[in-house]
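Got chain A sorted already, so can you dock chain B onto it with the hints?
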Amino acid sequence: MSAELAMLPTKDEIARRPEQVRVIGEVTALMFQRYAIAVGDLNPIYFDNAAAQAAGYPGIVAPPNFLTSVLGWQAGPAESDLLADGTEASIVAPELRGLRLMGGGNELTFGQPVVPGAVVTARRKLVDLYERAAKFGPLIFAVSDVVYTDQHGNHLVTCRETYIAAR
Amino acid sequence: MTTSTTRSERFFEDVAVGTELPALAKVPTTVQLFRYSAVTWNAHRIHYEKEYAIQEGHPDVLVQAHLHGAFLAQMIGDWMGPRGRLVSFGWSNRGRAIPGDTLTCTGRVVGKRTEGSRHLVDLEVVETNQRSETCAPGKATVALPSREA
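These protein sequences, in sequence, are chains A and B.
For the first sequence, the residue numbers in the numbering used here are 1197 to 1363.
For the second sequence, the residue numbers in the numbering used here are 364 to 512.
Just chain A, with the same shape it has in the complex (with noise of 0.2 Å):
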């Protein structure tokens, strides 16, 4: 497994790829009531304004992993920009690309709330990519972090988040 372990970048070429920034859209009342609504999670917060206000919010507000679940933003890729697995060509590192993906994970710092009529931008910056053995074969860990702010320079969320893949 040398010779696939040769082709990841070192540390250095990690820490030289640019930041990807994206404005990924705004966000609405009805997106995130609905990504409530899948969860099952009925939380009055996220669809009352009296209940929100009451628990010391300005309003309803969005679930707190929301928008760090959403893969595809603005208008979304057209189908013939998926790969064959139906995901987005790898924003994540190329290394990825055509790799049995899997998500391994979050860790969110929160900031301010996500309210409806946010404008988020999305500042993603890979920070590891690495190589484990583990069962089944070689996996590789693609470990970023995702910085979402509002037009009004609020930070809503920091994401550190990793994806699996394996050949």
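Pair ranges (Cβ atoms, derived): (1) Thr392(B) <-> Gly1268(A): 18 to 26 Å; (2) Arg1218(A) <-> Gly463(B): 30 to 38 Å; (3) Arg1319(A) <-> Arg446(B): 29 to 37 Å; (4) Ser451(B) <-> Met1203(A): 28 to 36 Å; (5) Ser509(B) <-> Gly1272(A): 40 to 48 Å; (6) Lys1207(A) <-> Pro385(B): 37 to 45 Å; (7) Gly1255(A) <-> Ser509(B): 21 to 29 Å; (8) Thr465(B) <-> Val1315(A): 35 to 43 Å; (9) Met1203(A) <-> Arg494(B): 35 to 43 Å; (10) Glu383(B) <-> Gly1272(A): 37 to 45 Å; (11) Gly1333(A) <-> Glu383(B): 34 to 42 Å; (12) Arg481(B) <-> Gln1249(A): 19 to 27 Å; (13) Arg1319(A) <-> Glu412(B): 28 to 36 Å; (14) Thr382(B) <-> Ala1246(A): 23 to 31 Å.
Residues of chain A placed beyond 12 Å of chain B at every Cβ, according to the derived structure: (15) Met1203; (16) Leu1204; (17) Lys1207; (18) Thr1317; (19) Arg1320; (20) Tyr1326; (21) Glu1327; (22) Val1343; (23) His1348.
Hints in this document: simulated from the structure, not taken from any laboratory.
We treat Cβ as the ideally placed atom computed from N, Cα and C, and that holds for glycine.
Only chain B this time, still in chain A's reference frame:
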């Protein structure tokens, strides 16, 4: 739809190291997975196309990594009450889950401290399946209101 579920206030003073969070059990269905992929604009075929998932070596379509996290976040949100605030929350996806699995989220308080005006509580949480296999362990820090504030 109803959102009338009442969530009681949770105060910092009422929490101690060792306090357990009420468990939350979820049984994801293919309908849930489809809707979660739809609202997150996630076209990854392993979540809705069983034949494709099997081709990738999975037993069935898989529960999305972020949905495991959402279940843990729901349990924490229910427990911390309306004036609780998530400060940080993280989980790792360690085990796969498929529709029909019973995923049970549990958690307990492992620390509490006051930093400035914030009353912080540290939690360890975990989501396990019906075979008691770990799917998603995690940690969170929440800020709770104080009775003295």
